[in-house]
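If you're matching them up, the sequences are chains B and D in order.
Following this note's numbering, the numbering of the first sequence begins with 6 at its first residue and continues without gaps.
Following this note's numbering, the numbering of the second sequence begins with 5 at its first residue and continues without gaps.
Everything labelled a hint here was simulated from the structure, so no lab data went into it.
Since the model is a prediction, treat every value here as computed from it, not as a measurement.
Careful: at least some of the hints might be erroneous.
[Claimed, not checked] Simulated pairs of lysine-lysine, DSBU-like, Cα-Cα distance not exceeding 30 Å:
1. D:K159 to D:K89
2. D:K282 to B:K114
3. B:K81 to D:K221
4. B:K134 to D:K199
5. D:K199 to D:K122
6. D:K282 to B:K22
[Said to hold, decoys possible] Simulated DEER-style distance windows between Cβ atoms:
7. D:Y196 to B:K22: 13 to 21 Å
8. B:T46 to D:Y196: 18 to 26 Å
9. B:F207 to D:Y196: 27 to 35 Å
[Unchecked claim] Only some residues are given here: those of chain D computed to face chain B with a beta carbon under 8 Å:
10. F39
11. I40
12. D90
13. A206
Here a beta-carbon is modelled for each residue, glycine too, at the ideal position from N, C-alpha and C.
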Amino acid sequence: MSLETIIELSKASIFQKHNLVLTDVSLTIDKGEFVYLIGKTGSGKSSLLRTLYADIPLLQGEGNIAGYNLKKIKRKEIPFLRRKLGVVFQDFQLLPDRSINENLFFVMKATGWKDKEQMQQRTQAVLEKVHLGTKGFKMPHELSGGEQQRVVIARALVNEPEVILADEPTGNLDTETAQEIVGLLHEISKTGRAVIIATHDFHLFEYFKGRTIRFEGGRITDSKTTETTTV
Amino acid sequence: MPEEKNRRRIQSSSVTTVISVSLVLFLLGLLGILFISAKKIADHFKENIDFHVYLKDNAKDEEVERLHNFLKASIYVKSSEYLSKDSAAARYKKKIGEDFERFIGYNPLPASMEVQLKAAYTNHDSIVWIQKQILDFSSVKEFDYQESLVNMVNKNINRLELILVIFIGLLMLIALGLINNTIRLAIYSRRYIIKTMQLVGATAGFIRKPFLLNGIKHGIISGIIANLILGGIIYAALKNIPDLEKVTDVRMMIYLYGIILILGILISGISTFFAVRKYLRLSSEELYY
C-alpha cells in the first residue's frame, strides 16, 4: 500500500443481507483519482460504496479506507471513519426539518466544531464552492433537485474529506444538471481528493474522463488494470 | 412562511405525545389518590377500635395518673380517656335503660382507661406487646378488646390494599406500554433523519442527546399537566363535598405529585433512549420495513 493509496480492497466479497452481490473484489484507489463505478442497477455499485462507508459490514476479504480496517472496525469507530469521507447520496439525505445552513452546522457540530464564527465562515465557503452562496437560509424542500444535490456536495466537503463517495449523484437529475454536478465533483478531485462516482449513466464519462470500474455478473473490471479479476 | 409551517408540524407531533403522556399520568395519579383515600379510611376504622384498660378498685390515684401519663406519652396511643367507676355506671345505665345499681345494690363496674391505638399498631403482634406493657402497671386489672373485630378489620383492609396495589401495578404497566408506544412512534417518524445523521459522521451520543433532552422536557411538561388536572379535580371535589377533607392526606398528596412528575420524566426519558437506540442500530434496509 503506497502512501498515495487511500482505498484498498483485496479479495473482498460483498453481501447484501445474506445475498452475495460481488465476489473477489480487489482494487486500490489513490488520492486525487477520479473513478466511475459503472453498471446496471442491482449490479452491486451501491453495495460496494456502502461497504466503503461501513453501512454494510465487510465479512470476507480485506479492506482499508483512510486508515481504517473495514473488517475490524467497531460500531463506535464508524462515525470517525465517516468524518474522513464525504458521502453524496442519490436521494440527497438532507435533514428536512432545518435550513441549509443548519444542515451544514449540524455536520460541523456533530464532528466537533465549536466556534460559531468559524462554522459560519466554513458554511459560506463550501456553499460558494457549489455556487449556492446566497441560499443558505432556505429549507431543503425549497430548493430544486440540482441545488439540493449541490448542498449535499457542500456538506460532503465540510470536513475536508480525503475521499468523496457519490452514489448515483445524478440519478434524480436531468442531463444538463447531471453534467454540472459531475463537473463539480471532477473539479474537487483536482484538489487531491479521491472521488468515486457510482452511476448507470454511460454518457457522463464522455464529458469528464476518468478511471472506470465496470460491474457485471457479480465481478468488477477495472480500466486501469484492464484485466478481469477472476480467480 | 414554510419554515414556520414546518416547525408547527414538528410541534404538533410533540403536542400529541405530551397530551397522551399527560393523560396516562393523570389516570395513574387518580388511582394514587384513590389509594391514599382508601388508606386514610382504613386508618380511620382502625383508630376507632376501643381498647379497655380496667383498673383495680383499690388503685391509688397517683398510680392511675402515672398510667395515664404513660399512655399519653407512648407512640402507639391515638387517644386515651379516664372513665371513673361512676361515669362507667352512668354510661352503662344509659345504654341498657335500667338502673342496675338499684337491684344489685352496688356498682360492679371498674374504673377504666378507654384507649384508641394508632392505625400502624392496630394489629395482633403489636397489641400483644402493648398489652404486656400495660399489664405491668400494678393498678391495671385487665386489658380487654374485641379481638375478632381487630382481626376482621385487618383482614379486610389487607385484602382491599392488595387489590388496589395489583390494580395500580396493572395500570402502571399499561401506562408504560402506552407512553412507550407513543414515543416510539414519534421517534419512528424521524428514523431517516437519525440515519442521515449517522451517515454524516455523528456519534450515537450526539444524535441521542437532543432526543433525550426533548423526551425529558416532554416528561416534565406532561407531569405538570397531569398534576394540574389532578389538583383541579381535587380542589373541585373538596369544594363541593367538604366531608372529603377527612380522607385527604396533604403530605401524601404532595408525595404523589412528586412521584407523578418523576414517573413522567423517567418513563419518557427511558422510552426515548431505547427508541432512539433501536433506530441507531438498524441498518439502512431495515428502516423501510
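Going down the list of hints, with the structure as the test:
1. D:K159 to D:K89: violated, 35 Å
2. D:K282 to B:K114: holds, 23 Å
3. B:K81 to D:K221: holds, 28 Å
4. B:K134 to D:K199: holds, 26 Å
5. D:K199 to D:K122: Not OK: K199 (chain D) and K122 (chain D) at ~61 Å, beyond 30 Å, violated.
6. D:K282 to B:K22: Holds, because 18 Å separates the two Cα atoms, which is no more than 30 Å.
7. D:Y196 to B:K22: 13 to 21 Å: Between Y196 (chain D) and K22 (chain B), where Cβ atoms are some 20 Å apart, the hint holds.
8. B:T46 to D:Y196: 18 to 26 Å: With Cβ atoms ~21 Å apart, the hint holds.
9. B:F207 to D:Y196: 27 to 35 Å: With Cβ atoms ~31 Å apart, the hint holds.
10. F39: Cβ of F39 (chain D) sits 43 Å from chain B, so the hint is violated.
11. I40: violated, 43 Å
12. D90: violated, 86 Å
13. A206: A206 (chain D) check passes; min Cβ-Cβ to chain B is 3 Å, inside 8 Å.
The earlier numbered hints that this structure contradicts are 1, 5, 10, 11 and 12.
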